[in-house]
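*Asks:* Quick note, the sequences are listed as chains G and Z, same order. Read left to right, the first sequence gives residues 1 to 113 (the numbering used here). Read left to right, the second sequence gives residues 114 to 227 (the numbering used here).
Where hints are given, some of them may not hold.
To be verified - Using 30 Å as the maximum straight-line C-alpha spacing, the simulated BS3-like pairs for lysine-lysine come out as follows:
1. Z:Lys170 <-> G:Lys68
2. G:Lys105 <-> G:Lys37
3. Z:Lys126 <-> G:Lys42
4. G:Lys56 <-> G:Lys68
5. Z:Lys126 <-> Z:Lys170
6. G:Lys37 <-> G:Lys68
7. G:Lys37 <-> G:Lys56
8. Z:Lys126 <-> G:Lys71
9. G:Lys105 <-> G:Lys42
10. G:Lys56 <-> G:Lys42
11. Z:Lys126 <-> G:Lys68
12. Z:Lys170 <-> G:Lys42
13. G:Lys71 <-> G:Lys105
14. G:Lys37 <-> G:Lys71
15. Z:Lys170 <-> G:Lys71
16. G:Lys56 <-> G:Lys105
17. G:Lys56 <-> Z:Lys126
Stated by the list, open to error - For the chain G half of the interface with chain Z, some residues (derived, Cβ under 8 Å), not all of them:
18. Tyr25
19. Ser40
20. Lys42
21. Pro82
22. Phe89
23. Leu101
Hints were generated in silico from the structure; no laboratory data involved. Note that beta-carbon positions come from the ideal geometry of N, C-alpha and C, so glycine has one too.
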Amino acid sequence: GESVGLHLPTLSVQEGDNSIINCAYSNSASDYFIWYKQESGKGPQFIIDIRSNMDKRQGQRVTVLLNKTVKHLSLQIAATQPGDSAVYFCAENLYSGYSTLTFGKGTMLLVSP
Amino acid sequence: KAGVTQTPRYLIKTRGQQVTLSCSPISGHRSVSWYQQTPGQGLQFLFEYFSETQRNKGNFPGRFSGRQFSNSRSEMNVSTLELGDSALYLCASSWTGGAENEQYFGPGTRLTVT
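Just chain G, same shape as in the assembly (with noise of 0.2 Å):
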């Protein structure tokens, strides 16, 4: 598959553990936010979203939290599975804006069984 980032830091946990990625943004001004998993040779694939008057969102195995107080989002991913192996990007937005994202420089996960 093709490398989608060479220089990126990564993350390496065994199955089963729990991972948190973090992100920091750039954007005081961003309201919206999105974490993408990207696979090798796949496009970025949408996770979960939150918006800025929230501070905390949870899905299927997955949670985003929000610090807008030092422009900080982490994705807790619970008892990751070798199939989380990926890149995860943050993207943010302005939410009355277009879908002009501004994504994260990405964090590489990778999973041992």
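We have chain G already, so just place chain Z on it with the hints.
*Replies:* Below, chain Z without anything else, positioned relative to chain G:
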């Protein structure tokens, strides 16, 4: 339903040439956005089209252009290719292009400029 498709998947061009990439959005989606992905700069927004009109444009030179057809299919063109244009070009579609509309990405076109 079929996802976003991009053609071709791989392309090799020479400096100075021009290239056209194609994107077919999910049926019913009217907004198409283009992104460039490189190891150094990550994912960067190029432009977004809705109903055949460019609504927003990223910070790229005029060599990068695009258009959208009445069936929502979109093409992007890069003229006078430079080595630095080597990248994965991703297309994403959504219903109306509003920020709250989930964007669905295609697999990308890998462009190599030699």
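*Asks:* If a hint holds in the structure, say so; if it does not, say that too.
*Replies:* Evaluated hints:
At roughly 27 Å between alpha-carbon atoms, Lys170 of chain Z and Lys68 of chain G fall within 30 Å of each other, so this suggested pair holds. For the proposed pair Lys105 of chain G and Lys37 of chain G, the alpha carbon gap of about 12 Å is at most 30 Å, so the pair holds. Using a Cα cut-off of 30 Å, the hinted pair Lys126 of chain Z and Lys42 of chain G holds, with the two alpha carbons roughly 22 Å apart. A C-alpha spacing of about 11 Å is found between Lys56 of chain G and Lys68 of chain G, which places the hinted pair at or below 30 Å, so the restraint holds.
Annotation: proposed proximity of Lys126 of chain Z to Lys170 of chain Z holds, straight-line Cα distance about 25 Å (limit 30 Å). With a CA separation close to 22 Å, the supplied pair Lys37 of chain G and Lys68 of chain G stays within the 30 Å bound. For the hint linking Lys37 of chain G to Lys56 of chain G, the alpha-carbon distance of about 19 Å falls within 30 Å, and the restraint holds. Restraint check for Lys126 of chain Z and Lys71 of chain G: the C-alpha separation of about 41 Å exceeds 30 Å, so the hint is violated.
As the CA atoms of Lys105 of chain G and Lys42 of chain G are separated by approximately 17 Å, the hinted pair is consistent with the 30 Å bound. Note on Lys56 of chain G and Lys42 of chain G: the hinted pairing holds, with a Cα-Cα distance of about 28 Å set against a maximum of 30 Å. Only pairs whose Cα atoms come within 30 Å are accepted, and Lys126 of chain Z paired with Lys68 of chain G is rejected, the gap being roughly 44 Å. With a C-alpha separation of about 24 Å, the suggested pairing of Lys170 of chain Z with Lys42 of chain G holds against the 30 Å cut-off.
Pair hint Lys71 of chain G plus Lys105 of chain G holds up; C-alpha atoms about 15 Å apart against a cutoff of 30 Å. For the suggested pair Lys37 of chain G and Lys71 of chain G, the alpha carbons sit about 21 Å apart, so the restraint of at most 30 Å is met. Proximity of Lys170 of chain Z to Lys71 of chain G is assessed by CA-CA distance (about 25 Å); at most 30 Å being required, the pair is judged to hold. Straight-line distance between C-alpha atoms of Lys56 of chain G and Lys105 of chain G comes to about 22 Å, which keeps the hinted pair within the 30 Å bound.
Between Lys56 of chain G and Lys126 of chain Z the CA atoms are separated by roughly 46 Å; this puts the pair beyond 30 Å, and the hint is violated. Hint status for Tyr25 of chain G relative to chain Z: violated, with the closest Cβ pair at about 13 Å, above 8 Å. Using the Cβ-Cβ criterion of 8 Å, the hint placing Ser40 of chain G at the interface with chain Z is not satisfied: the shortest such distance is roughly 11 Å. Among the interface hints, the one on Lys42 of chain G holds; its C-beta lies about 6 Å from the nearest C-beta in chain Z, closer than the 8 Å criterion.
Hint status for Pro82 of chain G: violated, given a least beta-carbon distance of 21 Å to chain Z, over 8 Å. At a threshold of 8 Å, the smallest CB-CB gap from Phe89 of chain G to chain Z is about 7 Å, leaving the interface hint in force. Because the smallest distance between the Cβ of Leu101 of chain G and any Cβ of chain Z comes to about 6 Å, under 8 Å, the interface hint for this residue holds.
In this structure, the hints that do not hold are numbers 8, 11, 17, 18, 19, 21, in rising order.
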